[in-house]
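All chains should be built: construct the whole structure from the sequences, respecting the hints.
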Amino acid sequence: MPQVRAFRNGLPWVLAVSALIAASVCTFRGPFPAVWAAVQQPGEVMLEVKSEYSRIKVTRENTTRTLWFIRDNGEEVVESRVDLARLNDLLVEYTRYMFLSYVFRPNPEKVLIVGLGGGSMVHFLQQHDPKVKVDVVEIDPTIVSIADRYFGVRTGRNVNINVTDGLDYLTHADAKYDVIYMDAFLRPSGGTDKVGVPLHLKTLKFYSEVQKRLNPDGVVVFNLNPHLSVQEDIRTIKEAFANTYVFRLTGYDGFVVVASTAENALTPKTISAEAARIDGRFHAPFSFRKMAGRLAR
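So in my numbering, the last spot in the sequence shown is 297, and the numbers never skip.
In short, the hints are calculated from the structure, not lab data.
What you are looking at is a predicted structure, and each value in this text was computed from that prediction instead of being measured.
C-beta: ideal position from N, C-alpha, C; glycine also.
Treat the hints with caution; some may be incorrect.
With a cut-off of at most 20 Å between alpha-carbon atoms, the simulated PhoX-like pairs for lysine-lysine come out as follows [stated by the list, open to error]:
#, residue 1, residue 2
1, K212, K110
2, K110, K131
3, K290, K269
4, K205, K238
5, K110, K176
6, K131, K176
7, K176, K212
8, K133, K176
9, K133, K212
10, K238, K212
11, K133, K110
12, K176, K205
Beta-carbon label-pair distances, calculated as ranges [said to hold, decoys possible]:
#, residue 1, residue 2, range
13, S287, T164, 27 to 37 Å
14, T203, A242, 17 to 27 Å
15, N107, P268, 17 to 27 Å
16, N107, E239, 25 to 35 Å
17, L204, S287, 31 to 41 Å
The structure is reproduced here in structure tokens:
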């Protein structure tokens, strides 16, 4: 999920607002996106370009590269962050929660990612589950080129990247998947919600097409940005799927929702036990069991 960074005209401006933001974040519990206002330089700018869909910037700090989306109001939004020296890690919190999918589908053979960004999720899968086949759908060819050149993510080695719209792909594709990861964001516009999710990717019609592409007992994982109608989004997902599991992120008021077509729901105790098993399997630099404890009751 994109994270907003209030950075415009250099460090003095950030210092001026950071105290105000820090004070407000301590007490704020509303539905609006949290503002990421770390007091640091953005690193070396490697690229700044405007595509048909977004204004994009890539920066570098040591071995870490960050993909930013620049909104029309000047806000710079962290879309992806990858440490090229530690591809087994995930630096943005929500991407870690996305892989709670392994609690519900422990041994996927084929998965689909809708929304490429900098490809951190592709890297993670290649590091921890290299046999899984990964299809990616990304509407913006500029993002695909950036992911290749700056983040080392490209078609090959069980990865196939498709430049197309997510709904079109799911409507016309013949492939079936064990897991589908929904992580598509664009520049907010008339065709998106206020945080940049394409409106046609959050309807019952779309969710029906998603389910047609799932194998039996398949799961879909949704990254939900915090916004005024996020609870409505969650209700729509619950209406479309047999079982849903909502996990609240710790860093801001966002959610990751795992939706399953399985008839039987997992209990919180089973979810915790399965998450602990994944910890032992992946040995990732973060705890799946701890994330499972964020299940909304």
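These are the hints, each one checked on the structure:
1. Restraint check for K212 and K110: the C-alpha separation of about 15 Å stays at or below 20 Å, so the hint holds.
2. Distance hint between K110 and K131 is fulfilled; the C-alpha atoms sit about 9 Å from each other, no more than 20 Å.
3. The hinted pair formed by K290 and K269 meets the criterion: a straight-line CA distance of about 13 Å does not exceed 20 Å.
4. Only pairs whose Cα atoms come within 20 Å are accepted, and K205 paired with K238 is accepted, the gap being roughly 14 Å.
5. Distance restraint check for K110 and K176: the Cα-Cα separation of roughly 8 Å lies within the 20 Å cut-off, and the hinted pair is therefore satisfied.
6. Between K131 and K176, the direct Cα distance comes to roughly 16 Å. Compliance with the 20 Å bound is thereby established for this hinted pair.
7. Pair hint K176 plus K212 holds up; C-alpha atoms about 8 Å apart against a cutoff of 20 Å.
8. Under the criterion of a C-alpha separation no larger than 20 Å, the hint pairing K133 with K176 is consistent with the structure, at around 11 Å.
9. Proposed proximity of K133 and K212 is supported: the alpha carbons are some 19 Å apart, at most 20 Å.
10. Proposed proximity of K238 and K212 is supported: the alpha carbons are some 17 Å apart, at most 20 Å.
11. With a CA separation close to 5 Å, the supplied pair K133 and K110 stays within the 20 Å bound.
12. Our distance criterion of 20 Å between C-alpha atoms is met by K176 and K205, whose separation comes to about 18 Å.
13. For S287 paired with T164, a C-beta distance near 36 Å keeps the hint of 27 to 37 Å intact.
14. In this structure the hint that T203 and A242 lie 17 to 27 Å apart at CB holds, the actual value being about 18 Å.
15. The supplied range of 17 to 27 Å is met by N107 and P268, whose beta-carbon atoms lie about 22 Å from each other.
16. Taking 25 to 35 Å as the suggested C-beta distance range, the pair N107 and E239 conforms, at roughly 29 Å.
17. Remark: the range hint 31 to 41 Å for L204 to S287 is upheld by a beta-carbon distance near 35 Å.
Violated hints are absent here; each numbered hint is respected by the structure.
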